[in-house]
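Enquirer: Since chain A is already given, all that's left is putting chain B on it; use the hints.
Keeping their order, the protein sequence lines are chains A and B. First residue of the first sequence? That's 1 in this note's numbering, and the numbers climb one at a time after it. First residue of the second sequence? That's 1 in this note's numbering, and the numbers climb one at a time after it.
Which stretches of chain B does chain A cover? Using the computed rule of at least three CB atoms under 8 Å from a CB of chain A, they are: (1) 51-63; (2) 99-108; (3) 111-124; (4) 130-136.
Calculated from the structure, these hints are not laboratory results. Since the structure is predicted, the reported quantities are computational estimates derived from the model, not experimental observations. Idealized CB from N, CA, C, for every residue including glycine.
2 protein chains.
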Amino acid sequence: MKKAIVLFSGGIDSTTALYLAKSEGYEVYALSFEYGQRHDKEIECAKKVANAAGVKEHIVIKTDIAAWGGSALTDTSIDIPEGDMESKDIPVTYVPARNMIFLAYAASYAEAIGAQDIFIGVSEVDYSGYVDCRQEFITAMENAVNMGTVCAVEHNKKIKIHAPFISMKKSDEIKLGMKLGVDYSDTWSCYNGGLNACGICDSCKLRLHAFNVAGYTDPIKYEERKEE
Amino acid sequence: MKKAIVLFSGGIDSTTALYLAKSEGYEVYALSFEYGQRHDKEIECAKKVANAAGVKEHIVIKTDIAAWGGSALTDTSIDIPEGDMESKDIPVTYVPARNMIFLAYAASYAEAIGAQDIFIGVSEVDYSGYVDCRQEFITAMENAVNMGTVCAVEHNKKIKIHAPFISMKKSDEIKLGMKLGVDYSDTWSCYNGGLNACGICDSCKLRLHAFNVAGYTDPIKYEERKEE
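Okay, chain A solo, but in the shape it has when bound (with noise of 0.2 Å):
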């Protein structure tokens, strides 16, 4: 059976990727990163998500990508914006080069077990400064896999990043997932970690809006808030 290393957050992208390389045949190998989030919510719910999922592996990297700060996501001093989505600027819960540090782990995962597929839930329709969500990086990078992995250079087993969601937007993603059997009830996106999501940052804006344009109920958990 085939094996395919699936990056793995427990969040709307990186589980519907995950159900979509299963669908496609690959036995998956799911690599998680306890990197310094503010919260745990984000690991509990990705262990769920794969232990549903049946996944064949599933590693969590401990790892402070959080050393040199900077980012609203691992930086507690640092707020967390509600709803800057329209903002041009680099978002504060950027958190740099993260995608190329997963994918490095990822590449290294795949050779020690004789994997030559990554998949990788990034959109590029969602791109806000997250430069590490474009096509041109993930074509880069996989150039890179194939020149330091020695599986590719010895052995001609080239590595393929699959980003299978580039261009499709989150809502599309959700119809996908709906049609691909995800339980989306145990994922997680909220950048803050409470008891339920929070409802009103980024992420949860995204997501709820993502779900409504899909035309399905997000079945997950949100704080009740008073109208204002």
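Expert: Relative to the frame of chain A, chain B by itself:
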């Protein structure tokens, strides 16, 4: 003052690279990894050398590249070989995609602090199955870095990966290091982590040979051994 990230293990190559960067006028930010090596000696030595060299900052990233095993450097169930330097096979001390992971972190660090230069002390000459020590790989990775960082993509501040020893023999590195005033007495190369270096692993053999060819005495202590 221009800033440089130096990938820094505390061995001969990266220590010489660090001094070279300083001699070229860079303010040095050293980056080391505790990644499941068999011993802590390497990190201890790296801290001493970085401190003595007067770096601006020295960050040690803890991570588990060892999660998928397969290398004698991280997997204690695999014996460290004694001198199979002539072998054409992939050495058991190879860690898949290690330099790719290190360079991805360096790119993140560079972007976070506004550095445009990364130094890595790899050499193709010592290449024996380490595909990620080749110029083709460094070039491909530099391209990926410049496709995946905001400084390069949005502000045209490209990042350069310097691999000054890529075509240099280790003995020539040592000659250069001596001219630059490097004190090698706290550098550590041995794959084993004893009080003194073992003198018989591949890495010790390569080091001793290089000092010999360069015409210098290696200032570190080696285990005394009976003549066989």
